[in-house]
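**Student:** The primary structure of each chain is shown beneath.
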Amino acid sequence: MEIMKPAIAGTLESSDCQVTVEPGDGEIDFTLKSSVMNQYGNQIRRVVMETLENLEVSNVKISIVDKGALDCTIKARVEGAIFRSVGQMEHLPWGGAIKP
Amino acid sequence: MINAVGREIPEDILEMTGKEVFHGNNYFDGHVFQKAGAYTKCVINSHGSKVIGSIHEALVKCGIKDGMTLGFHHHFRDGDYIVNMVMEEVHKMGIKDITICASSLGKAHDPLVEYIEDGTITNIQSSGVRGKIGEAISNGKLKGLAIMRSHGGRVRAIETGEVHLDISFIGAPTCDDYGNCRGIGGKSNCGVLSYSMVDGDYADHVVAITDCLVPFPNFPAHISMTKVDYVVVVDEIGDPEKIATGAAKPTTDMRKLMMADYCTQFVVNTPYFKDGFSYQTGVGGASIASTISLSKIMKERGIRMRFGIGGLTKPMCDLLINDQVDALLDTQDFDLAAVESVKDLRHFRISAGQYASPFNKGAVVNKLDFVILATLEVDVNFNCNVVVGSDGVITGAQGGHPDTAAGAKCTIVITPLLQGRTPAVCTEVTTVTTPGESIDVVITDYGIAINPIRQDLIECMKDVDLPFKTIEELRDIAYSIAGKPQKVQFGDRVVGIIEGRDGTIMDVVRQIKPFEFSE
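Chains as they are written, first to last, in my numbering: chain P, 891 to 990; chain E, 628 to 1146.
Certain hints may be false.
Partner residues aside, some chain P positions facing chain E, computed with beta carbon under 8 Å [what the hints assert, rightly or not]:
(1) A897
(2) A899
(3) T921
(4) K923
(5) Q929
(6) G931
(7) L960
Please keep in mind that the hints were generated in silico from the structure rather than gathered at the bench.
Where a beta carbon is used, it is the ideal one built from N, C-alpha and C, also for glycine.
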């Protein structure tokens, strides 16, 4: 998928994360601020990269402010932001690119 | 050298501090030592008043100079003005290389960071630190070592002479012109002055700072005039709203209530729950809720508590009002109900030494049946961490945690299994503050683990309907939800030590380094 416009998903509440995506410069530009950076920074990065790969996104600026969200939450917020950025609100590929 | 809780203590730290590694709770039982003493400047004349004009004048009269150790207490908690007022003056005078020896430091003391950075303060000894001071220490800004010691440990360090207090400052809610201090009355009523008593006995110079000068004699004095050199009157010694808050509303958080209920069920099924038992809790929501639910069962079964110790809050003082306890022994008051209760004749003020010091002829923690505590982390060896956050930054205080845990017959730690995403039950705590041998039971929202060294407790819970699990099972549940946490990336420099209550080294705290992704 190609990012069309900037989009945001998620909140800054505890146990949530806020994901912002923008069109990229030809690669994945990943930034992360997390309250659990030391323990889960690498894990969060891995989940985000996997999610982007599933959605076939390879050209994006993605920045995440994490407040201790679990992997499932992070994944859902990344998916939310990406689909918002391409304006797709219906006919989401449940079980396809959006893997459980 | 590896200590009794499996922590590697660097040789250079042992050399620098002259300390031993932690050998186990009772290593110093029967130890003999001679107490240190304070210089005393006699007052024989009858000119009548010790009141002087300012903190500056007090510092000059006490002979303030580079390298001195200054003592402070933390009964005013986040409302304290004393430490900042004194240190601002010390800073103005250009004094350097001060060691602060406080019973605790908190967010109220963020302004000290400036003095840490410019070398006014080079050593900090405290129960713990929070806020910006913690960040400064963890980032290596303090020139010397931070020493985190328990409330009992501070008294031990002073009485043995390991620390010598040059000048101690006592924030006194009321004081007369001859130095009789009381924790009661005035604008900054904190109830008791327990942590300062050792300062009164062992500091060379003692300065009482008050915002409420009362006529002589301010009796019964909590700190006697016989120990006070000077009295300074200022406009405000603290912010009353942050000293003693209104009683916290009993929690309505179902998770905390469930853990409180587990705790109460556990307590009543132990052999220690019988007429005349003794009890202490921390001030967390679940601990307070368990006091409330325990009081109901006490009433139903006609069981009285002989004594309660605190760190006191309203639910403990309610036991006194409702005649369910014979006596409260008090070192600190957390809310207005507790401050008010100090007037009750069955509510006794005790010193921090009486409360918790391992180096006297017996402290009251040794007579405790139950203590209910919280923790930031507990590991599969039951070691607890209450000082260093899971991000590696110093952010808490030992308080009486290691003292009461060591003393009580049944030490219960309550914690939600996950604090946000961070597993509270883990393979290895970031830093050990309280050794696993002191911890008997861990209660979480996902189950209860009894320390295998307490086969007697495991035996008496055999037929009790509670969700018992092993500590490893609890950890595995936590990791299955949150993922397995990676270890904090520390630098090499040791910035602080966690001192065992007996003065040995329980663990070291290293400087943090910025996180880097591994690939």
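**Student:** Return the numbers of the hints above that this structure violates; sort them in rising order.
**Tutor:** 1, 2, 3, 4
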